[in-house]
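Put chain W on the given structure of chain E with help from the hints.
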Amino acid sequence: MNELEDRLIRCFDLVFHGLNPNQIRGASVQTLPAWDSLASATLVAVLEQEFNVQIDPLDLPELTSFLSAQAYISDKLNDAAGAN
Amino acid sequence: MNIISALELIKRQIPDGSATRKLFLACGFTPLHLATFVNAQLITLQPGRKNEIKTGLFGDLLGNVQRARLSDCDALVVLVEWSDIDPRLGIRTLGGWRVADVTSILSSADEHLNRLSEALQAAAENSPIVLSFPTLPLPPLFHGHNTQATSEQLRLRQIVASSAAHLAFSKNIRLLDSESLLEDSPFASRFDVKSEIVTGFPYSLPHAAILAGHLAALLANPTPRKGLITDLDDTLWGGILGEVGVDGVSWSLEQNTHMHGVFQQFLASLASAGILIAVASKNDPALVKKAFERKDVLISKDSIFPWEVHWNRKSDSVQRILNDWNIAPDAAVFVDDSPMEVAEVKAAFPEMECFVFPKDNLPGVWNLLKRLRNEFGKALLSEEDALRLQSLRNANVARQSSASSPNSDEFLKSAAAHMLFTSLKRKNDPRALELLNKTNQFNLNGKRLTEGEWSKYLADPSTFALLISYNDKFGPLGKIAVLLGRFAVDRIKVDYWAMSCRAFSRRIEHQCLNYLFSRNKAPEISLDFNPTDRNGPLQEFLAELHSSAPEPWVTLSRTECLERLPKLFHSVEEAIDE
Numbered sequence: 001m002n003e004l005e006d007r008l009i010r011c012f013d014l015v016f017h018g019l020n021p022n023q024i025r026g027a028s029v030q031t032l033p034a035w036d037s038l039a040s041a042t043l044v045a046v047l048e049q050e051f052n053v054q055i056d057p058l059d060l061p062e063l064t065s066f067l068s069a070q071a072y073i074s075d076k077l078n079d080a081a082g083a084n
Numbered sequence: 001m002n003i004i005s006a007l008e009l010i011k012r013q014i015p016d017g018s019a020t021r022k023l024f025l026a027c028g029f030t031p032l033h034l035a036t037f038v039n040a041q042l043i044t045l046q047p048g049r050k051n052e053i054k055t056g057l058f059g060d061l062l063g064n065v066q067r068a069r070l071s072d073c074d075a076l077v078v079l080v081e082w083s084d085i086d087p088r089l090g091i092r093t094l095g096g097w098r099v100a101d102v103t104s105i106l107s108s109a110d111e112h113l114n115r116l117s118e119a120l121q122a123a124a125e126n127s128p129i130v131l132s133f134p135t136l137p138l139p140p141l142f143h144g145h146n147t148q149a150t151s152e153q154l155r156l157r158q159i160v161a162s163s164a165a166h167l168a169f170s171k172n173i174r175l176l177d178s179e180s181l182l183e184d185s186p187f188a189s190r191f192d193v194k195s196e197i198v199t200g201f202p203y204s205l206p207h208a209a210i211l212a213g214h215l216a217a218l219l220a221n222p223t224p225r226k227g228l229i230t231d232l233d234d235t236l237w238g239g240i241l242g243e244v245g246v247d248g249v250s251w252s253l254e255q256n257t258h259m260h261g262v263f264q265q266f267l268a269s270l271a272s273a274g275i276l277i278a279v280a281s282k283n284d285p286a287l288v289k290k291a292f293e294r295k296d297v298l299i300s301k302d303s304i305f306p307w308e309v310h311w312n313r314k315s316d317s318v319q320r321i322l323n324d325w326n327i328a329p330d331a332a333v334f335v336d337d338s339p340m341e342v343a344e345v346k347a348a349f350p351e352m353e354c355f356v357f358p359k360d361n362l363p364g365v366w367n368l369l370k371r372l373r374n375e376f377g378k379a380l381l382s383e384e385d386a387l388r389l390q391s392l393r394n395a396n397v398a399r400q401s402s403a404s405s406p407n408s409d410e411f412l413k414s415a416a417a418h419m420l421f422t423s424l425k426r427k428n429d430p431r432a433l434e435l436l437n438k439t440n441q442f443n444l445n446g447k448r449l450t451e452g453e454w455s456k457y458l459a460d461p462s463t464f465a466l467l468i469s470y471n472d473k474f475g476p477l478g479k480i481a482v483l484l485g486r487f488a489v490d491r492i493k494v495d496y497w498a499m500s501c502r503a504f505s506r507r508i509e510h511q512c513l514n515y516l517f518s519r520n521k522a523p524e525i526s527l528d529f530n531p532t533d534r535n536g537p538l539q540e541f542l543a544e545l546h547s548s549a550p551e552p553w554v555t556l557s558r559t560e561c562l563e564r565l566p567k568l569f570h571s572v573e574e575a576i577d578e
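As you go down the protein sequences, you meet chains E and W in turn. One point on numbering: in this note's numbering, the residue at position 43 of the first sequence is 43, and numbering is uninterrupted. One point on numbering: in this note's numbering, the residue at position 559 of the second sequence is 559, and numbering is uninterrupted.
So that you can see chain E by itself, here it is in the shape it has in the complex (with noise of 0.2 Å):
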């Protein structure tokens, strides 16, 4: 398990409690009933504060599974670190 992922199950873990680590990896809109816009909003929060980044509105619709998540993040942690 990398850095991130670890952290990533983390800020999933605050926002849905009760899953086991394999269950966040394989949680998603679709799969989780508590997934709602308010957990979506919370876990926005949750990420922008864990990675220090700010997640556009427009970006929304992407962020609707674990693993796009991840993704999502990694770019943005990568776009950083080339920034600089």
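Think of the hints as simulated: they come from the structure by calculation, not from any bench. Only a predicted model underlies this, so the values are computations on that prediction, with no experimental measurement involved. Note that CB positions come from ideal geometry on N, CA and C, so glycine has one too. Heads up, a few of these hints could be off.
As the list claims (entries may be wrong) - Covered stretches of chain E (chain W as the covering partner; in silico rule of three or more C-beta atoms under 8 Å from a C-beta of chain W):
| hint | region |
| --- | --- |
| 1 | 12-24 |
| 2 | 40-53 |
As the list claims (entries may be wrong) - To list a few chain W residues with every Cβ distance to chain E over 12 Å, as calculated:
| hint | residue |
| --- | --- |
| 3 | Gly-59 |
| 4 | Ser-178 |
| 5 | Leu-298 |
| 6 | Ala-328 |
| 7 | Leu-362 |
| 8 | Lys-370 |
| 9 | Glu-375 |
| 10 | Ala-415 |
| 11 | Ser-423 |
| 12 | Gly-446 |
| 13 | Glu-524 |
| 14 | Gly-536 |
Below, chain W alone, put in the same frame as chain E:
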């Protein structure tokens, strides 16, 4: 607190069986992170208590308050923002910002706030309400420059302020102080336009966290401290009395000792609100007496009790003061300019808040006064606040008379004591809940009730609830005990029983049991007793009436109990509906 730490706090397991507080968070916006922060801040203030937070519908504050009234919540948190007063004062509704619209907004604001005020007062009959009026900036719809307060803006703020002032009179509504919030949450960084547009949540995360902290503090309604012990030299006044004499000590602008005068004024303010003030000073008592004869002293010597003025250790003085006040160290605050004295008292009483008076630091004194106001802050003042000091003095006189009397029965008989049992079912009295939640030494089980739980208990038709007042020839003690329970065929069950420590040694507790047996024919009283670290006096009382050391759920049989009660001399009156 940030969003991650708040969620971490909430995620922590709270043991099963912990009390649950049901809250209704009523607002017109999406409560989102505010609900998270309120929950987390409450967990910080009151760990071990679960919070269940219900929310209402978006854009319908008035409806949400009405829904909350019908819910079974223990307390309501209500947030009014500008867009709840008129949607055109928000940015999610495009209703028009023309000059004519401003006039229309002003006329509808008054009407809307009146309706909201009525709904809040109705809801406050069932549950306590913590209420916040607009915390966000007004949108740029007024005609003036940003730096100008236009008459329309001022009129709008006046309408809101007038509504707030009206609601602040309600006993069950506590308003959030906007100035205090401003100290912690800068105005310019409160509004999050992006969040408002995307999610309907208008607060920046830092503002939501801070606002939630203030709301939680109002909800928790912490028990204020009861007494303040102050030093004199370089604290209550500038200068050392023994060195500069009575006319040499000062509290004036001219002598650069003005903040000592402000401190005197502050103590007089506390005393007038029923806070006990005592003096612990290493000084010459005769000189101190003369100093307090000066006409310009801002706190009357009659407001101070007791006086510990001598050359002995401060911690000994503090112990005697606590004995006279009959309160625990954690209910008192000690203030002295000497860090050494403060350290000595703190070492003797670790639970006591002790402050160094920062005599050469004017902002430091200002901050100390604000901190002290917080320590002694009370949501409401009661008649008992005015009686407290006098009843302590009377108790002192009574103790001395009792000590000189060869026979305690004789003394109590001569006291001409009168007790009044008033049913709280007929009329609730906030003093009763205050007694239950503040009293430690004579408290049956140390259980505390929220205002919501209290209202539910009173509304339960199977319960009785008595508030007991006492007076004797030494003066009134006021409402000093509360007794709650249920009458059943086979027993009287007492769920809660608390009595002020000012009321000890008058056989009031004995009369309470005698009264219960006289009101009901049940053969026994079951007391939901639980020993706590602090209820030693209650345990001793039960041990007197019970053949063995009391254990949880004490049962006293009518015959045994009445046989063991000492002689009672009170005249008893009741104000009971039946």
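> Where does the structure disagree with the numbered hints, that is, which hint numbers, in rising order?
Replying inline: No numbers; nothing is violated.
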